[in-house]
Amino acid sequence: MNPLAALAQAGVAVWLDDLSRSRLTSGNLAALVDRGVVGVTTNPTIFAAAVAHGDAYAPQLRELAAAGADVETAVATITADDVRAAADVLRPVYERSGTVDGRVSLEVDPRLARDTLATSAQARALWARVDRPNLFIKIPATVEGLPSITDALAQGISVNVTLIFSLARYRAVLEAHASGLERALAAGLDLRPIGSVASFFVSRVDTAVDAQLDALGTPAAAALRGKAAIANARLAYGEYLRFVATDRWRALAAAGAQVQRPLWASTGVKDPRYPDTRYVDELVAPHVVNTMPEKTLEAVADHGTVTGDTVTGAQEDARAVLDGLAALGVDLDAVTEDLEVRGIDSFEASWAQLLATVGDGLKAAER
Numbered sequence: 026m027n028p029l030a031a032l033a034q035a036g037v038a039v040w041l042d043d044l045s046r047s048r049l050t051s052g053n054l055a056a057l058v059d060r061g062v063v064g065v066t067t068n069p070t071i072f073a074a075a076v077a078h079g080d081a082y083a084p085q086l087r088e089l090a091a092a093g094a095d096v097e098t099a100v101a102t103i104t105a106d107d108v109r110a111a112a113d114v115l116r117p118v119y120e121r122s123g124t125v126d127g128r129v130s131l132e133v134d135p136r137l138a139r140d141t142l143a144t145s146a147q148a149r150a151l152w153a154r155v156d157r158p159n160l161f162i163k164i165p166a167t168v169e170g171l172p173s174i175t176d177a178l179a180q181g182i183s184v185n186v187t188l189i190f191s192l193a194r195y196r197a198v199l200e201a202h203a204s205g206l207e208r209a210l211a212a213g214l215d216l217r218p219i220g221s222v223a224s225f226f227v228s229r230v231d232t233a234v235d236a237q238l239d240a241l242g243t244p245a246a247a248a249l250r251g252k253a254a255i256a257n258a259r260l261a262y263g264e265y266l267r268f269v270a271t272d273r274w275r276a277l278a279a280a281g282a283q284v285q286r287p288l289w290a291s292t293g294v295k296d297p298r299y300p301d302t303r304y305v306d307e308l309v310a311p312h313v314v315n316t317m318p319e320k321t322l323e324a325v326a327d328h329g330t331v332t333g334d335t336v337t338g339a340q341e342d343a344r345a346v347l348d349g350l351a352a353l354g355v356d357l358d359a360v361t362e363d364l365e366v367r368g369i370d371s372f373e374a375s376w377a378q379l380l381a382t383v384g385d386g387l388k389a390a391e392r
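Here the working numbering runs 25 ahead of the position in the sequence shown, where the first position is 1.
Treat the hints as calculated values from the structure; they're not laboratory data. Any given hint could be a false lead.
Listed next, the in silico EDC-like pairs over lysine to aspartate or glutamate satisfying Cα-Cα at most 16 Å (straight line) [as the list claims (entries may be wrong)]:
1) Lys388 / Asp95
2) Lys252 / Glu319
3) Lys295 / Asp342
4) Lys252 / Asp140
5) Lys252 / Asp239
6) Lys320 / Asp342
7) Lys388 / Glu97
8) Lys320 / Asp306
9) Lys295 / Asp348
10) Lys388 / Asp140
11) Lys320 / Asp296
12) Lys252 / Asp385
13) Lys295 / Asp356
14) Lys252 / Asp348
15) Lys320 / Asp239
16) Lys295 / Glu319
17) Lys388 / Glu88
Sequences and hints are given; from them, build the entire structure.
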């Protein structure tokens, strides 16, 4: 069995962390779906790179310029069109999986990450603009984003909760998800098609923690290098297992609710000293999603080692890793708080780059 099929058999949904117009028009996305990819995630960085490279968007930019579209309108149109087309490619997967997979994510403007009302309003607008049932609206798990997550779900909008780094924030996300579904149920909505994933970021945690361990330079620090991210994710899965065993969740499930699956994001290895498939091989568990950049996806397909569940039952060892980090003075709470801030800043910078690139394209089309 090839590694991608082995992941599916182990309960891992393989998603692609990338999208572009050329990937759609060339048939590349459809080919990846044939190989076992069952979902797509996007973010501002992905769209900025897609529009900046090649001329796949030139015809649409000329049309938008001729129509007098401003930059914000052009970006909204381009990104929604790509996501809508990807959703159509994945629609058969959505139907076969009973509305669980076959999803494509579109993120709210990252500049709204600290604005609850504006995030909620844009979630509704994006949901209506794309107009596909297999869409996920990505909402960041900031303190201000949590009420927006609940509001969206309460209105029947499926949500990909993004930028989760800490266990405490993940527990709040589980609460926000359940509250939204309870409100949807009270309003008489059908819970069955309302989907959600909780995107728990992985490799960035190791990058930040390893820098502190390297600065310490002790044998004890070296022994914990590269262990923080996987331990953090495995403990998050433990939180997921605890929550789905509660009476509260059982009541929602009995009403037709879909479980909010943990999604491992940021799974591309950033340190070349680590195996390039480590954030896939070591995070295999039932009912999870792993969204991979294409480079990681191809590495897994070529030489991934899938030996079954590597997460369930590993929480005690994972807790020992975090205790060891704390004993060395590594404050993981401070690390994850900083990663959230930097994650938002990074996406804001990518959004600014996307606006600039599209703006340049509109100006060029007017000449």
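Hint by hint, here is what the structure shows:
1. Lys388 / Asp95: Roughly 10 Å separates the two Cα atoms, so the pair holds.
2. Lys252 / Glu319: violated, 24 Å
3. Lys295 / Asp342: violated, 24 Å
4. Lys252 / Asp140: violated, 34 Å
5. Lys252 / Asp239: Distance ~13 Å between Lys252 and Asp239 Cα, so the pair holds.
6. Lys320 / Asp342: violated, 30 Å
7. Lys388 / Glu97: It holds: about 14 Å lies between the C-alpha atoms, which stays within 16 Å.
8. Lys320 / Asp306: holds, 15 Å
9. Lys295 / Asp348: violated, 24 Å
10. Lys388 / Asp140: Violated, because 31 Å separates the two Cα atoms, which is more than 16 Å.
11. Lys320 / Asp296: holds, 14 Å
12. Lys252 / Asp385: Distance ~43 Å between Lys252 and Asp385 Cα, so the pair is violated.
13. Lys295 / Asp356: Not satisfied, since the Cα-Cα distance of roughly 21 Å exceeds 16 Å.
14. Lys252 / Asp348: holds, 12 Å
15. Lys320 / Asp239: violated, 27 Å
16. Lys295 / Glu319: holds, 14 Å
17. Lys388 / Glu88: holds, 12 Å
Checked against the numbered hints above, the structure violates hints 2, 3, 4, 6, 9, 10, 12, 13, 15; every other hint is satisfied.
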